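Listed in order, the protein sequences are those of chains A and B. Counting in the working numbering, the first sequence runs from 1 upward without gaps. Counting in the working numbering, the second sequence runs from 1001 upward without gaps.
None of these hints come from the bench; they were simulated from the model. Just so we're clear, the structure is a prediction, and the values are computed from it rather than from any experiment. One or more of the hints may lead you astray.
To be verified - Here are some, though not all, of the chain A residues that point toward chain B, as calculated from beta-carbon distances under 7 Å:
(1) G16
(2) S33
(3) F45
(4) G62
(5) S101
(6) T102
(7) T104
Stated by the list, open to error - Taking lysine-lysine pairs in the DSS-like style, the calculated list, with each CA pair at most 25 Å apart, reads:
(8) B:K1069 - B:K1101
(9) B:K1069 - A:K57
(10) B:K1049 - B:K1069
(11) B:K1101 - B:K1058
(12) A:K57 - B:K1049
(13) B:K1068 - B:K1058
Said to hold, decoys possible - Estimated spans, in silico, between C-beta atoms of each pair:
(14) A:I12 - B:E1066: 14 to 24 Å
(15) B:E1066 - A:K13: 16 to 26 Å
(16) B:P1040 - A:T7: 17 to 27 Å
(17) B:N1041 - A:F69: 22 to 32 Å
(18) B:T1072 - A:R67: 30 to 40 Å
(19) B:S1014 - A:K13: 42 to 52 Å
(20) A:S65 - B:S1084: 15 to 25 Å
(21) B:T1005 - A:K57: 22 to 32 Å
(22) B:E1066 - A:A2: 12 to 22 Å
Here a beta-carbon is modelled for each residue, glycine too, at the ideal position from N, C-alpha and C.
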Amino acid sequence: KAGVTQTPRYLIKTRGQQVTLSCSPISGHRSVSWYQQTPGQGLQFLFEYFSETQRNKGNFPGRFSGRQFSNSRSEMNVSTLELGDSALYLCASSPGLAGGSTDTQYFGPGTRLTVL
Amino acid sequence: AQSVTQLGSHVSVSEGALVLLRCNYSSSVPPYLFWYVQYPNQGLQLLLKYTTGATLVKGINGFEAEFKKSETSFHLTKPSAHMSDAAEYFCAVSRETSYDKVIFGPGTSLSVIP
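This is chain B alone, in the form it adopts within the complex (with noise of 0.2 Å):
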């Protein structure tokens, strides 16, 4: 079964330095990979996706987030963390377009330090 693990659950960074959120992937097939912030009490929103081509995605809010397939990952960047960015930041991969084979990651906690 395809499997989505996000390292760390807790992560903290200080506003200006670099952001970085793993997310590895159990998968013999080219997936779709997605990226989606959770702020509290709010939806989830999607940052970015990879379907096919370019390996480096730009997404919303300055993120970014480079698809590996030799090593099955999709980590998710940020040059700069803003104190906006504190949030859930949850990782999802697909082998097919439908919504039902969708496996989401348990999430990773994002906190900016001033």
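Isolated chain A, as found in the complex (with noise of 0.2 Å):
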């Protein structure tokens, strides 16, 4: 089986702006995680989807979003980008079914967003 894709790998942006990162998961699996991942504050849940839900949301402002559509693939949406903004931003994907961490998560290789 493929693993999880992410796309872009790269992405350089400014302040202000919004950026979309794509994620495609193993087929199969029907939830998607979002992580963002910096020097600073580490590892931190943004939000899970499960079956075009969102099941689970982290600490993060209204700026970040996201959806799932029908294929299980889903999308993150980070509008009005600030500096701090820049990470590596994980995706993972996971059957989904047991509901929760449990459930071994397969992650993509990340799109590293630079905020400049």
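Grab the two chains, each in its own frame, and use the hints to assemble them into the complex.
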């Protein structure tokens, strides 16, 4: 099976712009989660989608949003970019049936976002 | 609030030597515990996890970890280091199964010296 794919792999934006990141999960997986990884804050959970519905949400401002399509592909959007949004954004997929972190997640390689 | 500490942000071992990466957590409730590895320019990969049952957990690539409730620890070990083990390792803990409740440690960078 193909792994989790994320596009684009690298992105450079300026403050105030918005950005959309894409994630294609492993075939058959219905849960997609997004994480932000920075040197200062480490790994932080953004949100999880399951069957096109947001099932869990982390502690991030409303500028961060996401959605999931019927084929389980997911997009994440960040509006009004700030310098602090520079990070590696990781997507992870899982079957989702167990409904939680005990379900093994498979991570994509991430999208490196740089905000200038 | 729950927290995870990983002693040593950088650990160096010789090839063939024992790998020991330390993880301690603060929790009064028996937790779910995880170890992940991240190779350069890649995402995270689950090495092993403890949810319930046997406290010695065996994972992939020859790694194992032991849950010690009395010490609130979940240290990761491997008997013999390989060059390919050089990576960043993250310990994570959760009291619940929801992804938003998983707390990741700051990570330990492992270097393997030939």
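Here is what the structure says about each hint:
1. Evaluation of the A:G16 hint against chain B yields a violated restraint, the C-beta minimum of about 28 Å exceeding 7 Å.
2. Interface restraint check for A:S33: the shortest CB-CB distance to chain B comes to about 5 Å, inside 7 Å, so the restraint holds.
3. Using the Cβ-Cβ criterion of 7 Å, the hint placing A:F45 at the interface with chain B is satisfied: the shortest such distance is roughly 5 Å.
4. Here the hint on A:G62 is broken, as its CB sits about 16 Å from the closest CB of chain B, past 7 Å.
5. Using the Cβ-Cβ criterion of 7 Å, the hint placing A:S101 at the interface with chain B is satisfied: the shortest such distance is roughly 5 Å.
6. The interface hint given for A:T102 is met, as the beta carbon of that residue sits about 5 Å from the closest beta carbon of chain B, less than 7 Å.
7. A distance limit of 7 Å between C-beta atoms decides the matter here; for A:T104 the minimum to chain B is near 6 Å, and the interface restraint holds.
8. Only pairs whose Cα atoms come within 25 Å are accepted, and B:K1069 paired with B:K1101 is accepted, the gap being roughly 20 Å.
9. At roughly 29 Å between alpha-carbon atoms, B:K1069 and A:K57 are farther apart than 25 Å, so this suggested pair is violated.
10. Only pairs whose Cα atoms come within 25 Å are accepted, and B:K1049 paired with B:K1069 is accepted, the gap being roughly 15 Å.
11. Distance check on the hinted pair: B:K1101 and B:K1058 sit about 24 Å apart at the alpha-carbon level, within 25 Å; holds.
12. For the hint pairing A:K57 with B:K1049, the CA-to-CA distance comes to about 22 Å; that is within 25 Å, so the pair holds.
13. Under the criterion of a C-alpha separation no larger than 25 Å, the hint pairing B:K1068 with B:K1058 is consistent with the structure, at around 15 Å.
14. The beta-carbon spacing between A:I12 and B:E1066, approximately 44 Å, falls outside the hinted interval of 14 to 24 Å.
15. In this structure, B:E1066 and A:K13 break the distance hint of 16 to 26 Å, their C-beta atoms being roughly 45 Å apart.
16. B:P1040 and A:T7 have their C-beta atoms about 20 Å apart, which keeps the hinted 17 to 27 Å range intact.
17. A hinted range of 22 to 32 Å for the beta carbons of B:N1041 and A:F69 is consistent with their spacing of about 27 Å.
18. Between B:T1072 and A:R67 the beta carbon distance is about 39 Å. The supplied range of 30 to 40 Å therefore holds.
19. The hinted window of 42 to 52 Å between B:S1014 and A:K13 holds, with their beta carbons roughly 43 Å apart.
20. Between A:S65 and B:S1084 the beta carbon distance is about 38 Å. The supplied range of 15 to 25 Å is therefore violated.
21. Under the hint 22 to 32 Å, the C-beta atoms of B:T1005 and A:K57, about 26 Å apart, fit the expected range.
22. Between B:E1066 and A:A2, the C-beta spacing of about 35 Å breaks the proposed range 12 to 22 Å.
Violated hints, listed in ascending order, are 1, 4, 9, 14, 15, 20 and 22; each of the other numbered hints is respected by the structure.
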